[in-house]
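Protein chains in written order, with the numbering used here: chain A, 1 to 146; chain B, 1 to 146; chain C, 1 to 146.
These are computed hints drawn from the structure, not numbers from a lab. Everything numeric in this text was worked out from a predicted model, so none of it was measured. Cβ coordinates follow ideal geometry from the N, Cα and C atoms, glycine included. Some hints could be false.
[Unchecked claim] Computed far set for chain A versus chain C, every beta-carbon distance over 12 Å:
1) E4
2) A111
3) L128
4) L134
5) P135
6) N141
[Unchecked claim] Keeping only pairs whose Cα atoms sit at most 30 Å apart, straight-line, the calculated DSSO-like set for lysine-lysine is:
7) B/K127 / C/K19
8) C/K127 / A/K19
9) B/K57 / C/K127
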Amino acid sequence: MQYERVEQDYFIYIEKNEKVMHSLTQFCIDNKIQNGKVSGIGAVKETEIGAYDTLEKIYIRKEAPGVLELISFEGNITLKDSQPFVHAHVVLSNHDMNTLGGHLFETTVAAVGEFFLRKFEGKAFRKLNEDVGLPCICLDNKFSMQ
Amino acid sequence: MQYERVEQDYFIYIEKNEKVMHSLTQFCIDNKIQNGKVSGIGAVKETEIGAYDTLEKIYIRKEAPGVLELISFEGNITLKDSQPFVHAHVVLSNHDMNTLGGHLFETTVAAVGEFFLRKFEGKAFRKLNEDVGLPCICLDNKFSMQ
Amino acid sequence: MQYERVEQDYFIYIEKNEKVMHSLTQFCIDNKIQNGKVSGIGAVKETEIGAYDTLEKIYIRKEAPGVLELISFEGNITLKDSQPFVHAHVVLSNHDMNTLGGHLFETTVAAVGEFFLRKFEGKAFRKLNEDVGLPCICLDNKFSMQ
Numbered sequence: 001m002q003y004e005r006v007e008q009d010y011f012i013y014i015e016k017n018e019k020v021m022h023s024l025t026q027f028c029i030d031n032k033i034q035n036g037k038v039s040g041i042g043a044v045k046e047t048e049i050g051a052y053d054t055l056e057k058i059y060i061r062k063e064a065p066g067v068l069e070l071i072s073f074e075g076n077i078t079l080k081d082s083q084p085f086v087h088a089h090v091v092l093s094n095h096d097m098n099t100l101g102g103h104l105f106e107t108t109v110a111a112v113g114e115f116f117l118r119k120f121e122g123k124a125f126r127k128l129n130e131d132v133g134l135p136c137i138c139l140d141n142k143f144s145m146q
Numbered sequence: 001m002q003y004e005r006v007e008q009d010y011f012i013y014i015e016k017n018e019k020v021m022h023s024l025t026q027f028c029i030d031n032k033i034q035n036g037k038v039s040g041i042g043a044v045k046e047t048e049i050g051a052y053d054t055l056e057k058i059y060i061r062k063e064a065p066g067v068l069e070l071i072s073f074e075g076n077i078t079l080k081d082s083q084p085f086v087h088a089h090v091v092l093s094n095h096d097m098n099t100l101g102g103h104l105f106e107t108t109v110a111a112v113g114e115f116f117l118r119k120f121e122g123k124a125f126r127k128l129n130e131d132v133g134l135p136c137i138c139l140d141n142k143f144s145m146q
Numbered sequence: 001m002q003y004e005r006v007e008q009d010y011f012i013y014i015e016k017n018e019k020v021m022h023s024l025t026q027f028c029i030d031n032k033i034q035n036g037k038v039s040g041i042g043a044v045k046e047t048e049i050g051a052y053d054t055l056e057k058i059y060i061r062k063e064a065p066g067v068l069e070l071i072s073f074e075g076n077i078t079l080k081d082s083q084p085f086v087h088a089h090v091v092l093s094n095h096d097m098n099t100l101g102g103h104l105f106e107t108t109v110a111a112v113g114e115f116f117l118r119k120f121e122g123k124a125f126r127k128l129n130e131d132v133g134l135p136c137i138c139l140d141n142k143f144s145m146q
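Excised from the complex, chain A in its bound form (with noise of 0.2 Å):
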């Protein structure tokens, strides 16, 4: 992996064979990023993704099998367990372009990563929701609709 850092911007590099999630993880416990949010594209294989099912309150998970291209990674950065974790949605596309997408478990790089991250200076944590079922994010202000 390498990165290049300018104030709150982060140029990153997941080289081949590296675990995606494992490595921006260990990237932002290093460095101290509690808060941020990251995107970027890539070509990757060993692909975990899934959809959350509501009512059972479980994700249901599947294996993307092959190489395939990363054309959509969208995620945040926030505190659980006082620890930065990583939240991502992606989208992928197969060799006939097709594509399949969920929430990101892990993947690994299979050719190039190129990633984004903007580091976001606050406090967001995440607590157990019971309703949703899951850790949500909880910040500092409350926006009510008039």
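On the provided structure of chain A, position chains B and C as indicated by the hints.
Chains B and C in isolation, oriented as in the chain A frame:
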């Protein structure tokens, strides 16, 4: 809806059963955000998406049924009739990880709605372009290719 | 093409019948943008996308016919042979809201093209990586996992 602001960056959490487009638009109005970029992920329901028919100059509309992962939300904020207007496109996925997408009319958070908005201190606005058939963005400077 | 700049953020509008990759590349050259992140939405036509075959080390190319919604465009700018180079992946959808996607070779605006570019004041460049078979991003710092 909750939010946290650091300078021009807003971390936004739209809660279960809140409408995404309505909430973001109202947030921009109340916070005097006239221009910006907004992106995010989540899990949604009661979704209406569309595609613009460039020949008929109308939007084809379609309901995307059930609870879906919001795997990409990319949008911008401009002024339309002097009010903040959110234009967004989405990619959605179901429990089989199959995807669909288009122009977003409205969707409601089914589990979580996690967004970043970056305010742009410009004066971009929309004006009807009769050739296109839509209110199109007008910006300060023209760029011409040699 | 129109644009508005506020510090390192550029709001870019690519007009009907203008080519997206060619316009963005020329814009970066003329505005001395060597590194950056660019994302956007729109409606496009005459689109050529692809997927990288990691075994054969060639791009598979495919035309995506007709007018399509550009529902996600995510890319970056680096120097390649000392010139700004735009690398982007897209997700597209048709009038049935079905999606396809991949590496973007070129596409032309069919209705609107709405982009945000954030300049990154770095010196990221691409150099042929023989193992991958592509010009890969080189950044200043190495990050190694413990």
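Inset, instruction - Measuring Cβ to Cβ, find out whether A/L134 lies farther than 12 Å from everything in chain C. - result: holds (24 Å)
Legend entry - Holds or violated: C/K127 to A/K19, with C-alpha atoms at most 30 Å apart: holds (22 Å)
Inset, instruction - Examine each Cβ of chain C, and state whether all of them lie more than 12 Å from the Cβ of A/L128. - result: holds (29 Å)
Inset, instruction - Classify the label on A/N141 as holds or violated, using whether its beta-carbon is more than 12 Å from each beta-carbon of chain C. - result: holds (24 Å)
Legend entry - Given hint C/K127 paired with B/K57 - CA-CA distance at most 30 Å: violated (45 Å)
Legend entry - Assertion that A/A111 lies outside the chain C interface [Cβ separation over 12 Å]: violated (5 Å)
Inset, instruction - Quickly compare the C-alpha distance for B/K127 and C/K19 to 30 Å and report which way the hint goes. - result: Holds - the C-alpha atoms of C/K19 and B/K127 are around 22 Å apart, at most 30 Å.
Legend entry - A/P135 remote from chain C - nearest C-beta pair above 12 Å: The claim holds: A/P135 sits with its nearest Cβ about 24 Å from chain C, beyond 12 Å.
Legend entry - A/E4 remote from chain C - nearest C-beta pair above 12 Å: violated (4 Å)
Figure legend: structure checked against the earlier numbered hints; hints not met, in rising order: 1, 2, 9.
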